[in-house]
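K.L.:
Sequences listed follow chains A and B, in order.
Note that this note's numbering has the first sequence beginning at 1, numbered continuously upward.
Note that this note's numbering has the second sequence beginning at 1, numbered continuously upward.
Bear in mind the hints are in silico, worked out from the structure with no lab data behind them.
Among the hints, a few may not be true.
Note that the list lumps identical chains together, so a pair holds whenever it fits in one copy or between two copies.
[Said to hold, decoys possible] Each computed BS3-like pair below joins lysine-lysine, with the alpha-carbon atoms no more than 27 Å apart:
#1 Lys68 - Lys214
#2 Lys35 - Lys60
#3 Lys72 - Lys181
#4 Lys32 - Lys214
#5 Lys32 - Lys72
#6 Lys115 - Lys72
#7 Lys52 - Lys79
Protein chains: 2
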Amino acid sequence: MKLPNNNMQKADGQAVPEPTLRRLPGYLSFFKSLKINNIEFVSSSQIAATFKMDSTLVTKDLAYTGVKGRTKIGYNVDKLIEKIISFLDFNTQENAFLFGVGNLGKALINYEGLKQYGLRIVAGFDINPAVINTQVNEVKVYAVDDFRDLSRKVSARIGIITTPDLRAQETADLMVAWGIKAIWNFTPQSIKVPENIIVENTSIYSDLAVILNKLNR
Amino acid sequence: MKLPNNNMQKADGQAVPEPTLRRLPGYLSFFKSLKINNIEFVSSSQIAATFKMDSTLVTKDLAYTGVKGRTKIGYNVDKLIEKIISFLDFNTQENAFLFGVGNLGKALINYEGLKQYGLRIVAGFDINPAVINTQVNEVKVYAVDDFRDLSRKVSARIGIITTPDLRAQETADLMVAWGIKAIWNFTPQSIKVPENIIVENTSIYSDLAVILNKLNR
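Assemble the whole structure, with the sequences as input and the hints as a guide.
P.N.:
Structure, rendered in structure tokens:
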């Protein structure tokens with residue numbers, strides 16, 4: 001179904017820069033709002049104004065997805081949406097295990113938005129007996145020891161860490177042992193993993209630190 | 001209580017670079033884990049190894065907080081924790097209003113961690129009658145129209161947007177009209193605000209896009 005080499009290269013074989021990748025979901029959200037307002041075409045300068053960017057950069061970003069704008073008409077909004085979703089693999093669903101079913105963990109499981117963006121959380125894990133064997137939005141929460149049995153039924157390449165900070169490393173170790181290929185770490189803790197494992201840190205505390213600093217300047 | 005010019009400048013008056021600010025919460029979490037393991041001192045090279053960074057950069061980062069390491073002994077862990085917390089204003093609590101009490105909004109209100117990092121959500125706002133007048137973790141949810149009354153009792157400088165994407169801009173407009181100084185936007189939507197308003201975007205979809213891209217390479 002998926003073309004493994006399709007989504008990180010453009011026609012000339014260049015890898016997509018991470019800043020471009022990071023901007024694409026924002027563009028997508030903007031184009032969806034245009035569509036809802038029945039706007040069919042958008043120019044790179046309109047996009048650039050919305051995102052306070054240079055329009056050359058916008059054109060470059062969008063070129064990676066394979067969409068082409070037309071002079072004086074601009075980009076077709078439907079086409080943009082379709083191409084970005086496909087480029088970002090948001091149209092397929094990647095399975096994920098989530099470890100640490102506390103407030104943030106539950107919220108991510110409940111967050112229907114993630115499914116639209118290509119991620120399906122298929123199981124939760126916790127060490128708290130009060131949480132084990134419960135369900136969150138039809139996703140079952142398992143004890144860590146249940147993994148071996150579960151892995152016969154369902155597999156996942158992505159592991160999400162929403163444990164307390166101090167459990168982040170042991171959770172990562174476990175995930176690697178289980179065959180998880182990419183770890184999405186929501187704790188501010190730095191985790192060590194083998195080189196072939198992908199790690200992405202979402203640190204809301206870093207964002208908060210920036211806000212507080214700017215506020216108190 | 002607060003010294004407004006204290007936290008973004010070091011002794012010689014230089015502003016703190018944003019990458020440094022962003023790294024400090026991660027260091028803090030690491031130092032807290034050392035403390036729990038009764039480790040009293042840590043060297044910049046140990047810190048550098050944990051974060052896969054150059055130790056010169058670690059030393060530079062920590063210098064901004066005013067903490068000083070000693071040759072051959074390293075940094076005092078207690079001191080590091082104290083200095084970073086104070087430097088990041090995590091020891092005072094800034095009030096915030098949260099707009100959009102859905103899954104993510106509820107999770108942020110429930111997230112006790114934010115309080116330890118300097119943020120107190122004091123009220124929620126929503127347009128859904130089923131949510132208005134309910135409480136989430138002792139935080140009351142108001143209708144938008146209640147703001148005028150509420151503002152006589154409690155004030156906040158930070159506004160958090162956890163609405164559906166398409167409501168982000170109107171929510172931001174409202175926040176600015178209410179006197180909010182800093183907007184923390186959790187939607188992928190780009191928002192336009194006057195220049196004096198601080199905006200910080202937390203885009204978990206961008207992080208997800210990076211993970212999916214690396215996985216499918």
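K.L.:
What are the numbers of the hints the structure violates, in ascending order?
P.N.:
Violated hints (numbers, rising): 3 and 6; every other hint is consistent with the structure.
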